[in-house]
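Quick note on numbering: the sequence shown equals residues 3 to 328 in the working numbering.
No lab work stands behind these hints, which were simulated from the structure alone.
Some clues are possibly wrong.
Listed next, with one range per pair, are the computed distances between beta-carbon atoms [claimed, not checked]:
id: 1; residue 1: 123; residue 2: 143; range: 36 to 42 angstroms
id: 2; residue 1: 169; residue 2: 96; range: 31 to 37 angstroms
id: 3; residue 1: 68; residue 2: 313; range: 37 to 43 angstroms
id: 4; residue 1: 83; residue 2: 169; range: 20 to 26 angstroms
id: 5; residue 1: 301; residue 2: 200; range: 47 to 53 angstroms
Beta carbons are placed, not taken as given, at the ideal position from N, Cα and C, and that holds for glycine.
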Amino acid sequence: MDWGSILSNTLAWVISPETIAYALAALGLAVHFGYGGLLNFGMAGFMALGAYGYAISILSFDLPWWAGIIVGCLASVVFAFILGIPTLRLRADYLAIVTIAAAEIVRLLFTTQVFDEFTNSADGLGNYHAGFRAANPIPEGIYGFGPWELNANQWWVRIFGILLLAVAALLVFLLMRSPWGRVLKGIREDEDAVRALGKNVFAYKMQALVVGGVFGALGGVVLALPSAVVPSVYVTSLTFFIWTILLLGGAATVFGPLLGSVIFWVIMAFLSNVLPALVKADVLPFMSSTQASTLRYVLVGVALMLIVIFRPQGILGNKKELTFVK
Numbered sequence: 003m004d005w006g007s008i009l010s011n012t013l014a015w016v017i018s019p020e021t022i023a024y025a026l027a028a029l030g031l032a033v034h035f036g037y038g039g040l041l042n043f044g045m046a047g048f049m050a051l052g053a054y055g056y057a058i059s060i061l062s063f064d065l066p067w068w069a070g071i072i073v074g075c076l077a078s079v080v081f082a083f084i085l086g087i088p089t090l091r092l093r094a095d096y097l098a099i100v101t102i103a104a105a106e107i108v109r110l111l112f113t114t115q116v117f118d119e120f121t122n123s124a125d126g127l128g129n130y131h132a133g134f135r136a137a138n139p140i141p142e143g144i145y146g147f148g149p150w151e152l153n154a155n156q157w158w159v160r161i162f163g164i165l166l167l168a169v170a171a172l173l174v175f176l177l178m179r180s181p182w183g184r185v186l187k188g189i190r191e192d193e194d195a196v197r198a199l200g201k202n203v204f205a206y207k208m209q210a211l212v213v214g215g216v217f218g219a220l221g222g223v224v225l226a227l228p229s230a231v232v233p234s235v236y237v238t239s240l241t242f243f244i245w246t247i248l249l250l251g252g253a254a255t256v257f258g259p260l261l262g263s264v265i266f267w268v269i270m271a272f273l274s275n276v277l278p279a280l281v282k283a284d285v286l287p288f289m290s291s292t293q294a295s296t297l298r299y300v301l302v303g304v305a306l307m308l309i310v311i312f313r314p315q316g317i318l319g320n321k322k323e324l325t326f327v328k
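Could you build the full structure based on these sequences and the hints that come with them?
This is the structure in structure tokens:
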């Protein structure tokens, strides 16, 4: 096996757009679940709205790229209100069911041909990159070394994504150390006690849903920056991957989602390279290369179960912070 190539392909994912996008979405989920106790299984819907809001505003309405990002975030805010007003009074398990359904409804709306003029239905959207790339301050050329040897546009996507992620992490850090954040964590622990103190629990939950949803939308934008927006990406498994990242790094932490995303994608990239190589080397003669590539999802699922059983607080988390392990 070519271990040099495997290692190079794996390390490239440390700062990939997917790693950054999923870290942003996991940070939003940390606000929802880790700090607010909201069992949201619809983060894929927020990411889809961010990506489609960005692409549609550029292609159909000829808005600048930065305005497209704002439109994507506003779309997630509207979705949060539509989702939250009837559901935030539900018990956690019912909220989870509703959010899964809501995210799937969003994906199907982008797939249907009713809005084909704007969404291009199942084929998705592309060719909206000109404005963002024109704003690239990096001169044309190839920069970096080893697995991180990239052209100017590739670096621009990564640098912009990392800047968004840094700002989002700083905001969460400051919010959770503010009075608002302390009330939100109190709601997670015992919302009846917080309500007895005169706080509007519903309003705080709604605010948390909006804030976390905006981070999810930004994750969707970063995911859309280097490629295309295709509805088949925003399926339920995407949300489950984000949950895996959150639980791996630590739910009630700021830097846990960032660390979890890097570890998750490095492991996924390593397995996607090494498992087919093992098949070709006859180490796994009973499998095809396609089956070996699929096996990585099985291994990730097993890893998630082991994390929840043996270290539910994650790598950086505090076990006392998680309600579901008390």
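Problem - Hints breached by this structure - result: Every hint satisfied by this model.
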